[in-house]
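Line by line, the protein sequences are chains A and B. Under my numbering, read the first sequence as residues 223 to 533, first letter to last. Under my numbering, read the second sequence as residues 6 to 158, first letter to last.
None of these hints come from the bench; they were simulated from the model. These figures come from a predicted structure and were not determined experimentally. It cannot be assumed that every hint is accurate.
Derived, one-sided and incomplete: chain A residues facing chain B with beta-carbon distance under 8 Å [as the list claims (entries may be wrong)]:
| id | residue |
| --- | --- |
| 1 | Thr304 |
| 2 | Leu312 |
| 3 | Ala335 |
| 4 | Gly353 |
| 5 | Asn355 |
| 6 | Phe372 |
| 7 | Gly461 |
Heads up, the beta-carbon is just placed ideally off N, CA and C, and yes, glycines get one too.
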Amino acid sequence: MALKGRDIVSIRDLSTDEISEILDHARKMIPVAEGKKPSDALEGRVVATAFFEPSTRTRLSFEAAVQRLGGRCLTIADIGVTSMRKGESLYDTVRMLSSYSDAIVLRHPNEGAARLAADASDRPVINAGDGANQHPTQALLDLMAMQEAFGTLSGLKVVLLGDLKYGRTVHSLSLALAQFGSEMILSAPKALALPEDLRGELDALGAKISEEPELKRAVRDADVVYVTRIQKERFPDEGEYRSVAGSYRVDASVLEGAKPQLIVLHPLPRAGEVDPEIDRTPHAAYFRQAFLAVPVRMALLSSILPPGSGG
Amino acid sequence: MVRELRITPIRNGTVIDHITNGLALDVLRIIGVRDLDKDSTVSIALHVRSGKIGWKDIVKVENMELSPRKVNAIALITPSATISIIRDHQVREKRSVDLPEHVTGVVRCPNINCISNQGEPIESDFRVVRRRPVVLRCTYCDRQVTDFLKHLA
């Protein structure tokens, strides 16, 4: 398999064919993720999950994926218990982790941390979020949720709503959607618009993109509304955050007149952007999306560390 | 009688010619004239007529040859520049500056949250994604940079 031993730092590291291959593989992993079928695909493997930023779903779904496949995890979930507290560099920490494990899953608050880790490590590194930059495995499971609902990715109309500036999941997802020929409608407060250089890159890829700040109008012909939380922790100051806080919310009135098959996705956690009343409608797909994290990460890990590929 | 002060030829050193008009002082910043031998003469000619690029600047530095890293930095800000190495009053080597595919340790990433700005034991590194005009992309955080002068390391 072409992914054997590879680093996954950015969604740019994966071709359209490779993404499709991972999604196909992930579909076959669903019964394993549900605990209905056993697998020993990662038996004898140790995967380090090093999270230097808070996480619920990403870390737990990676660890569930490893354990369902018969592997074991070495976990750092609190920087306070590591030597980084004593001033150890990330570079040295990763060098050490790569000598204790077969692969490293890294989340870090600084953009570019995963690329540095990939340079430092002689084992594959998977980026589980680097600051406001990239979150490629989230993009994979976002794509899987869309593909599961519509059977295809090409030609879908996807509204990207909310914090497009600091939201790393949108940065990865938009590049992937461009590859698959989906149409994107950007709906964000001006202060939270997609970074200019990413927008330029998407345009250069020939992505079909429009902007519609008025949410109800953006949603009208859409197949998917991808909602993001305002990334409060990445704002340089509280005042800037307050100026945009609570500026959008998806509730029943927003979805009035939307297509019946429209799905609402959210990488979670949510902080008021999706009204809980949506949970009880057929539009709500975000909990299914959160589940799909496990089979997608199983597919990725077992492709990067195929059986018999050595320690 | 009017005495004209001209730039005297140098015995050993480097001549950087065809610098984009107005950028000679930035080239000096890259060269790091403060680190030079105290007996070295540095000559600058500003706004000189050039058949090739209209108007140009010229910098001559005695007793110094440029490291590849400094040549890369000059290539970033003035890709039209040429560099001549002078030994015993003779031009021993003359070449245009050439921008490589990666520029390492020359430019600081403008993203303060980039891992390359956090005191890690690494050098800044950028891929050249466009040559005319030059656009760099940080190898670590993917941020694009076009205003190199503000971010020279």
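Each hint, compared with the structure:
1. Thr304: 15 Å, violated
2. Leu312: This hint holds: A/Leu312 lies near chain B, its Cβ roughly 6 Å from the closest one there, short of 8 Å.
3. Ala335: 5 Å, holds
4. Gly353: At about 5 Å, which falls below the 8 Å cut-off, the nearest Cβ of chain B leaves the hint on A/Gly353 intact, so it holds.
5. Asn355: 6 Å, holds
6. Phe372: Result: violated, 29 Å to nearest chain B Cβ.
7. Gly461: 19 Å, violated
Hints 1, 6 and 7 from the list above are not met by this structure, while the remaining hints are.
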